[in-house]
Amino acid sequence: MPSAINPQLLIRQYIKLFHSKKNLPGVKSSYCNLLVTVKGIQFTSVAADPSIVNLGQGFPDIPPPDYIKEALAKAASVDRLNQYTRSFGHPSLVKALAQLYGKVCNREIDPQKEILVSTGAYGCLFSTIQGLIEEGDEVIIIEPFYDCYVPMIKMAGAHPVLIPLTLKRTKDDSISSAHWVLDPEELASKFSSRTKAIIINNPNNPLGKVFTKEELQEIADLCIKHDTLCISDEVYEWLVYNGRKHTKIGMLSGMWDRTITIGSAGKTFGVTGWKLGWAIGPEHLMKHLQTVHQNALYTCPTPLQEAVAQGIWRELSLLNQPECYFNCLAKLLEEKRDQMARFVLAAGMKPIIPEGGYFMVIDVSGLNQDLSHMQDDEPYDYKFVQWMTKEKKLAAIPVSAFTGEKSKNIFEKYIRFCFIKQDSTLQAAEEILKNWNKISH
Amino acid sequence: MWRRTALSLGRRQLQGGPRGHANQVPPASFRMSHKRPARRILGVEKNIWLEFTEMAAKYKSVDLGQGFPNFSPPDFVRQAFSDVVSGEDCLMHQYTRAFGHPTLVKILAKLYGQLLGQSIDPFGDILVTVGAYEALFTAFQALVDEGDEVIIIEPFFDCYEPMVKMAGGHCVFVPLRPKGTPDKPALSSGEWALDPDELASKFTERTKAIVLNTPHNPLGKVFKREELQVIAELCVKHDVLCISDEVYEWIVFDGNEHIKIASLPGMWAQTVTIGSAGKTFSATGWKEAVARGFQRELDVLGRPESYLFQLPRQLQEKRNRLVECLLSVGMRPIIPEGGYFLIVDISALNVELPEPADEEEPYDYRFAKWLIKTKGMATIPVSAFYSLGHRKDFASYIRLCYVKEDSTLEAAEKILKEWHLTK
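Protein chains in written order, with UniProt numbering: chain Z, 1 to 441; chain L, 1 to 423.
Honestly, the hints are just simulated from the structure, not real lab data.
Take these hints with a grain of salt, some might be off.
[Unchecked claim] Looking from chain L toward chain Z, a few residues come up when the C-beta cut is under 7 Å (computed):
(1) Ala38
(2) Ile41
(3) Val44
(4) Glu45
(5) Asn47
(6) Phe81
(7) Ser86
(8) Cys90
(9) His93
(10) Gln94
(11) Val130
(12) Tyr133
(13) Phe137
(14) Pro162
(15) Met163
(16) Met166
[Unchecked claim] Below, simulated DSS-like cross-link-like pairs (lysine-lysine); rule was C-alpha separation at most 27 Å, straight line:
(17) Lys375/L <-> Lys417/L
(18) Lys95/Z <-> Lys35/L
(19) Lys95/Z <-> Lys58/L
(20) Lys95/Z <-> Lys46/L
(21) Lys113/Z <-> Lys58/L
(22) Lys248/Z <-> Lys35/L
(23) Lys60/L <-> Lys95/Z
(24) Lys113/Z <-> Lys60/L
(25) Lys113/Z <-> Lys46/L
(26) Lys225/Z <-> Lys35/L
(27) Lys35/L <-> Lys213/Z
(28) Lys287/Z <-> Lys35/L
(29) Lys184/L <-> Lys423/L
(30) Lys110/L <-> Lys260/L
(31) Lys318/L <-> Lys60/L
(32) Lys287/Z <-> Lys46/L
(33) Lys35/L <-> Lys154/Z
(34) Lys46/L <-> Lys35/L
(35) Lys46/L <-> Lys375/L
(36) Lys58/L <-> Lys287/Z
(37) Lys408/Z <-> Lys350/Z
(38) Lys35/L <-> Lys113/Z
(39) Lys413/Z <-> Lys434/Z
(40) Lys74/Z <-> Lys60/L
Just so it is clear, CB atoms sit at the ideal spot from N, CA and C, and this is done for glycine as well.
Required output: the full structure, derived from the provided sequences and hints.
In structure tokens form, the structure reads like this:
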């Protein structure tokens with residue numbers, strides 16, 4: 001590890017290296033993916049360099065709840081729990097999930113036939129797409145989108161059809177993720193006879209949008225009309241603020257039979273490194289996900305599944321009560337969100353206040369930061385993030401990483417901050433932003 | 001170097017047709033139903049483990065079927081796990097580097113670098129996955145293209161075939177045959193071998209890879225250097241990859257040596273070698289490794305206190321115990337040189353089985369099911385490890401796992417002895 005780390009140079013080197021090793025046409029990894037995953041060097045360079053405040057990567061630096069760590073330690077002390085378990089999901093976990101989501105969805109869910117446990121929501125998305133999406137199919141994706149959707153669709157030989165959320169005119173002073181909406185006519189125009197599915201991410205990463213029931217109904221009506229699937233990535237389902245309610249599109253009339261809903265232990269319990277997620281849906285679709293799973297990784301780690309099961313049983317008994325971790329975490333994060341919004345505004349940036357999730361998208365164009373000295377062909381937000389990491393020692397993710405080529409000009413003035421960070425991290429970020437104008441550009 | 005490296009999406013889109021199996025394009029009305037699965041998963045829905053683990057659980061049998069130990073993993077690995085889980089560093093519960101946690105890939109590079117006599121780049125030459133299963137899946141997805149042929153040695157761990165099919169490849173099978181005579185039957189896995197001419201005949205210009213599994217599941221065969229040399233020479237000659245599944249590499253008996261085909265001349269650059277923490281540290285349910293476990297083992301490699309020194313010796317005793325028992329009741333085991341399993345020839349037992357529900361079902365499947373239901377002992381039929389077309393020829397063996405704690409082996413012995421007495 002070099003002692004003097006030049007993040008900008010490293011970013012360039014690794015983008016170049018990473019792109020050159022990828023020989024899948026069109027499956028370029030986004031900048032977001034690079035920062036999180038490539039070669040470890042960028043991640044470790046930013047994370048290991050204590051002088052950089054890392055608001056880029058989307059994982060907590062706050063500890064997970066004690067009881068879930070204890071559950072894992074306990075599980076690993078039981079011999080049988082160190083060996084293979086049921087392929088589609090450890091029995092105690094799928095039963096707990098069936099109970100929890102049965103309650104939330106107000107329907108009976110079959111733990112054996114309607115649930116799959118996989119390696120994170122990522123694994124569930126992969127099994128869904130490999131199992132159900134055919135070569136030549138079209139899949140509608142809403143921009144900005146979590147960056148793995150497009151490469152997964154391309155790997156299945158299908159075509160992504162993109163539609164952006166756009167900012168609707170408002171007299172409100174403060175912009176929230178609720179102001180970003182789909183144009184219903186534009187959405188309807190994206191459905192064709194080749195459309196197999198639409199992917200929605202609710203709450204949305206990076207915007208934090210929590211789709212209203214009416215918005216979901218518009219999407220549902222189109223799915224039913226065109227007989228398409230809906231893949232609903234709901235990993236941030238428990239993190240909604242301002243009294244907003246998370247609505248599951250799978251619960252709308254006519255939708256259960258055509259929706260796969262995906263959840264995440266990592267996001268639910270603040271343990272992203274455990275890489276466990278689940279997909280829930282009707283048997284006639286789930287069996288295809290299960291086929292992919294049994295041929296791709298067969299089964300997930302047993303002690304992790306047992307520990308997550310214990311976590312879910314506990315939360316189920318406390319659901320809707322203040323002590324429920326889902327409620328505690330949401331409350332904690334709402335405060336952090338508000339704190340961040342204040343210091344970002346004070347620095348002259350314009351946040352889009354998220355209704356859910358743990359990211360905040362921020363318009364930096366008001367700073368008028370001159371970056372003309374940097375590489376021309378990159379979007380402004382990529383350049384801004386590189387410059388900010390180097391000059392201000394503050395890391396973020398450029399939002400155009402979450403869009404297709406055509407929409408980059410809409411989103412290239414935005415960067416994404418993660419606020420599920422401990423107080424010292426947020427304070428350090430606040431200091432940097434307070435002093436922003438004190439250092440000459 | 002290889003003719004094709006990764007998925008060629010453009011080509012696939014141009015082709016437009018189904019992958020590898022069905023020749024018909026479904027009618028438009030069927031195609032657009034939301035219920036339609038992707039064609040890549042047609043034909044890979046069945047899975048022997050789902051079927052037999054369910055039965056073993058249902059009939060509460062002594063389980064010598066699925067290959068997992070029912071004794072504890074070693075203390076030092078469990079301690080390492082416990083330290084990491086309960087430790088102060090909460091980042092241990094968050095995302096790590098995609099291709100493998102830095103501490104883990106560094107120790108793997110060191111350990112395998114030593115074993116292979118080769119410098120291994122931890123960040124360029126290693127990928128950590130969810131079990132060897134996912135490593136295999138990733139290898140096939142990345143390296144096998146539609147229409148490629150992949151040579152598989154029978155009997156084979158059952159996942160290879162569906163994985164090759166999902167990648168759009170075409171399986172070409174070549175069997176290991178017992179080199180014995182009626183007077184002197186093959187009694188050890190070492191006496192099962194490939195015919196070099198037959199093997200050579202399987203390589204064509206469409207061959208992309210050959211899959212090797214050593215030590216072998218289900219036979220327990222540990223391929224000798226000369227045998228690997230034959231395979232290596234063909235790989236080099238035909239410019240073919242070798243995917244070498246070596247999950248049982250530490251479990252080798254009777255002074256046999258596990259040889260890594262990647263260490264043979266010319267092979268490093270065209271071999272993907274696969275290992276398993278689950279099989280190394282007897283913790284199959286982890287599907288991930290604790291780097292500290294490997295560090296410890298590297299420090300004591302080859303010494304009596306090394307777990308990897310002790311484990312094969314312990315398992316050899318268990319193997320011997322089960323073999324003795326089987327022999328004493330008149331059964332004919334094939335003595336494995338390594339791995340977790342042995343196979344037993346059941347043809348001479350002349351057991352009368354009830355009429356099959358499915359006429360196509362091979363004899364060993366029926367036998368294994370009968371054994372669970374009537375004797376309370378779970379095993380796996382070996383024809384599950386053969387391609388469909390060859391199952392009927394190899395339907396007279398069952399596979400037993402001896403990597404079990406003593407009480408399980410005792411219970412199995414009791415069942416076998418009682419059965420013998422009633423004959």
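Checked hints:
The criterion of a C-beta within 7 Å of any C-beta in chain Z is met by Ala38/L, whose closest approach is roughly 5 Å, and the hint holds. For Ile41/L, the interface hint holds, the least distance from its beta-carbon to any beta-carbon of chain Z being 5 Å, beneath 7 Å. Checking Val44/L against chain Z by beta carbon gives a least distance of about 5 Å; that is within 7 Å, so the hint holds. Annotation: interface hint on Glu45/L holds; nearest CB of chain Z at approximately 5 Å, less than 7 Å.
Look at Asn47/L: its Cβ gets to within about 5 Å of chain Z, closer than 7 Å, so that hint holds up. Annotation: interface hint on Phe81/L holds; nearest CB of chain Z at approximately 5 Å, less than 7 Å. The interface hint given for Ser86/L holds, since its Cβ lies 5 Å from the closest Cβ of chain Z, which is under the 7 Å cut-off. Against a cut-off of 7 Å between C-beta atoms, the interface hint on Cys90/L holds, since the closest Cβ of chain Z lies about 4 Å away.
Given hint, His93/L at the interface with chain Z, holds; its Cβ is 5 Å from that chain's nearest Cβ, closer than 7 Å. Residue-level restraint check for Gln94/L holds (minimum Cβ-Cβ distance to chain Z is 4 Å; threshold 7 Å). Interface restraint check: Val130/L against chain Z, minimum CB-CB distance 5 Å, threshold 7 Å, status holds. A cut of 7 Å between beta carbons decides the hint on Tyr133/L: the least distance to chain Z is about 5 Å, and the hint holds.
The closest approach between the C-beta of Phe137/L and any C-beta of chain Z is roughly 5 Å, which is under the 7 Å cut-off, so the hint is satisfied. At about 5 Å, the closest approach between the beta carbon of Pro162/L and any beta carbon in chain Z falls short of 7 Å, and the interface hint on this residue holds. Given the 7 Å rule on beta carbons, the hint for Met163/L holds: about 6 Å separates it from the nearest Cβ of chain Z. Taking 7 Å as the C-beta contact cut-off toward chain Z, the hint placing Met166/L at the interface holds, the least distance being around 6 Å.
Taking the CA atoms of Lys375/L and Lys417/L, the gap is near 11 Å; set against the 27 Å cutoff, the hint holds. With a C-alpha separation of about 25 Å, the suggested pairing of Lys95/Z with Lys35/L holds against the 27 Å cut-off. Restraint check: the Cα-Cα separation between Lys95/Z and Lys58/L comes to about 18 Å, which is no more than 27 Å; the hinted pair holds. Of the pairs offered as hints, the one joining Lys95/Z and Lys46/L holds, with about 24 Å between alpha carbons and a cut-off of 27 Å not exceeded.
At most 27 Å may separate the alpha-carbon atoms for a hinted pair to count; Lys113/Z and Lys58/L meet this at roughly 18 Å. For a cut-off of 27 Å, the pair hint linking Lys248/Z to Lys35/L stands: about 20 Å separates their Cα positions. A threshold of 27 Å between alpha carbons decides the hint, and for Lys60/L with Lys95/Z the separation of about 21 Å falls inside it, so the pair holds. With a C-alpha separation of about 23 Å, the suggested pairing of Lys113/Z with Lys60/L holds against the 27 Å cut-off.
The suggested pairing of Lys113/Z with Lys46/L holds, with an alpha-carbon distance near 15 Å, which does not exceed 27 Å. Our distance criterion of 27 Å between C-alpha atoms is met by Lys225/Z and Lys35/L, whose separation comes to about 15 Å. At roughly 25 Å between alpha-carbon atoms, Lys35/L and Lys213/Z fall within 27 Å of each other, so this suggested pair holds. Pair hint Lys287/Z plus Lys35/L holds up; C-alpha atoms about 11 Å apart against a cutoff of 27 Å.
This hinted pair checks out: Lys184/L and Lys423/L have alpha carbons roughly 26 Å apart, not beyond 27 Å. With a C-alpha separation of about 16 Å, the suggested pairing of Lys110/L with Lys260/L holds against the 27 Å cut-off. For the hint linking Lys318/L to Lys60/L, the alpha-carbon distance of about 22 Å falls within 27 Å, and the restraint holds. For the hint pairing Lys287/Z with Lys46/L, the CA-to-CA distance comes to about 11 Å; that is within 27 Å, so the pair holds.
For a cut-off of 27 Å, the pair hint linking Lys35/L to Lys154/Z stands: about 20 Å separates their Cα positions. For the hint linking Lys46/L to Lys35/L, the alpha-carbon distance of about 19 Å falls within 27 Å, and the restraint holds. Taking the CA atoms of Lys46/L and Lys375/L, the gap is near 26 Å; set against the 27 Å cutoff, the hint holds. The suggested pairing of Lys58/L with Lys287/Z holds, with an alpha-carbon distance near 22 Å, which does not exceed 27 Å.
With a CA separation close to 19 Å, the supplied pair Lys408/Z and Lys350/Z stays within the 27 Å bound. For a cut-off of 27 Å, the pair hint linking Lys35/L to Lys113/Z stands: about 16 Å separates their Cα positions. Distance check on the hinted pair: Lys413/Z and Lys434/Z sit about 21 Å apart at the alpha-carbon level, within 27 Å; holds. A hinted pair counts as satisfied when its Cα atoms are at most 27 Å apart, and Lys74/Z with Lys60/L qualifies at roughly 26 Å.
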